[in-house]
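Asks: Residue numbers (this note's numbering), protein chains in the order written: chain R, 1 to 269; chain E, 1001 to 1105.
Heads up, some of the hints might be wrong.
Said to hold, decoys possible - For lysine-lysine, the following DSS-like pairs were computed, each having C-alpha atoms within a straight-line distance of at most 30 Å:
#1 E/K1071 with R/K121
#2 R/K44 with E/K1002
#3 R/K44 with R/K121
#4 R/K178 with R/K206
#5 R/K178 with R/K121
#6 E/K1071 with E/K1002
Stated by the list, open to error - Here are the in silico distance ranges between beta carbons for each label pair:
#7 E/G1057 with R/D218: 50 to 58 Å
#8 R/P227 with E/G1057: 42 to 50 Å
#9 R/L260 with E/K1071: 34 to 42 Å
#10 E/E1045 with R/R64: 37 to 45 Å
These are computed hints drawn from the structure, not numbers from a lab.
C-beta atoms are modelled at their ideal positions from N, C-alpha and C, and glycine is treated no differently.
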Amino acid sequence: MSARADSSATPVYDSLNAALRADQPIALATVVAGEGIGAKLLVKPGADPIGSLGDPDLDRVVARDALGELEAGLTGTRHYGQHGEARERDVEVFIESFVRQPHMVIFGAVDFTASLGRAAKLLGYRVTVCDAREVFATPQRFPMADEVICDWPDRYLARVGASLGPRDAICVLTHDAKFDVPAIVGALATNVGYLGAMGSRGTHAKRVARLHEEGVTDDELTRVMAPIGLDLGARTPEETAVAICAEIIATRTGRAAPSLRDTDGPIHA
Amino acid sequence: MKEILNDIDRWRAEGQRVAVARVVGLDGSGPRDPGAAMAVSEHGEVAGSVSGGCVEGAVVTEALAVLSGTKDRGVVTFGYSDDEAFAVGLTCGGTIHVFVEPLDW
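If we strip away everything but chain E, and leave its shape as in the complex, we get:
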């Protein structure tokens, strides 16, 4: 979280809304531990990461949906255990649970 504060503060100073995604759970092997955080500005700029690059693109989509109000805040799960509805997974075979929310707290 600490490494993304400067970006978050800059975006907010520009008047942008920001979404924060954090890894809250991990099953099996995963590249980043719980607490790994990523922030997305309403213009789609990105800071930080939640995996080794496998799911960041999908997290941006989720974050923008949460900011625009088309999705509620909540946990999104990425991994092989998902059904085919999820196009992205982790190449390492693990499953990560990412909590995506607007920074309104």
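Chain R with its partners taken away, still in its complex shape:
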């Protein structure tokens, strides 16, 4: 520590900034009331915390709680004693979890893909477009995508499927049995929170028969939202993208998605 402290040094903010830009999970704990107001502890899984709340025991307890909150994706305030005692209220600590972006994987490089990709970016998704056809799977056609992968859906999912969880979505827009059957079979092996497949009711009926042949059970098929999207009467790729994104939100929140005018109760999930 130099004798003349640099008042513009912001080590906690700098580390937070770098983690957020790299989309790494991290939790920031701030004393918002009580002794040491404003003190910070930045907690990253598998690394030593940065900063201090002013007491080593408090730091230890808050670091542990922050990792738990981060794991659950929760943000909120907790109270502690001066040395981290539970059930005491000397200090109020705001623990903010920064989880990685949710991931949307879109199979099929079609017009609907570009619109859905744009809508997904609006909602904060990291967007991957995957199609086995080299001519169509180009970054030029999907500038909004974070990555464009030219590969078969099942091979792509064999690589990244384990990283997909309840906050992530897979949308199968190929509506060609050659591609969408392996895509859906691969998607069902993941823990993805939303799985939708485009196609008319007729297309989907044929697809269900093909999926049965592949050994997919009716129970597994209940996870597949097909035909994809809410019944908004959507026509254009852009409207369809809204119908799909609305269905993804309603699936996450467990809402039936009527108009708010026709319901009562809290608006926010």
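Model the placement of chain E on the given structure of chain R, informed by the hints.
Replies: Then chain E, alone, in the frame of chain R:
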């Protein structure tokens, strides 16, 4: 927070001091969840938001007061439960608690 990093970094590169306001608590209905963040430069420029536009003006005043040293960092509460001393509230009837601090960490 992520959406305001570019503005914060630009202001700091210009040599400006910056205050950060974050929603740390919410009672009842509120437009933005805890973690919603807003930054204010010492020249009064604004990035981000903490509500649906109801209290941002008042947060700027708080942030500038914190930067100039006339107020200490701390939680400011906006909502109907406040007495008349607070001129601003949330039209949705909720109460939000906003922690306002200089970016000196």
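Asks: Each of the hints needs a verdict: does it hold here or not?
Replies: Evaluated hints:
Note on E/K1071 and R/K121: the hinted pairing is violated, with a Cα-Cα distance of about 39 Å set against a maximum of 30 Å. With a CA separation close to 16 Å, the supplied pair R/K44 and E/K1002 stays within the 30 Å bound. Of the pairs offered as hints, the one joining R/K44 and R/K121 holds, with about 26 Å between alpha carbons and a cut-off of 30 Å not exceeded. A C-alpha spacing of about 12 Å is found between R/K178 and R/K206, which places the hinted pair at or below 30 Å, so the restraint holds.
Taken as a hint, the R/K178 and R/K121 pair is honoured in the structure, with Cα atoms around 28 Å apart against an allowance of 30 Å. Of the supplied pair hints, the one linking E/K1071 and E/K1002 holds, its CA atoms being roughly 26 Å apart against a limit of 30 Å. One distance hint, 50 to 58 Å for the beta-carbon pair E/G1057 and R/D218, holds here, with the actual separation near 56 Å. Evaluation of the 42 to 50 Å hint for R/P227 and E/G1057 yields a pass: the beta carbon distance comes to about 46 Å.
Look at R/L260 against E/K1071: about 39 Å separates their beta carbons, and that is inside 34 to 42 Å. Between E/E1045 and R/R64 the beta carbons are some 38 Å apart, a value that agrees with the proposed interval 37 to 45 Å.
In the structure shown, a violation is registered for the earlier hint numbered 1 alone.
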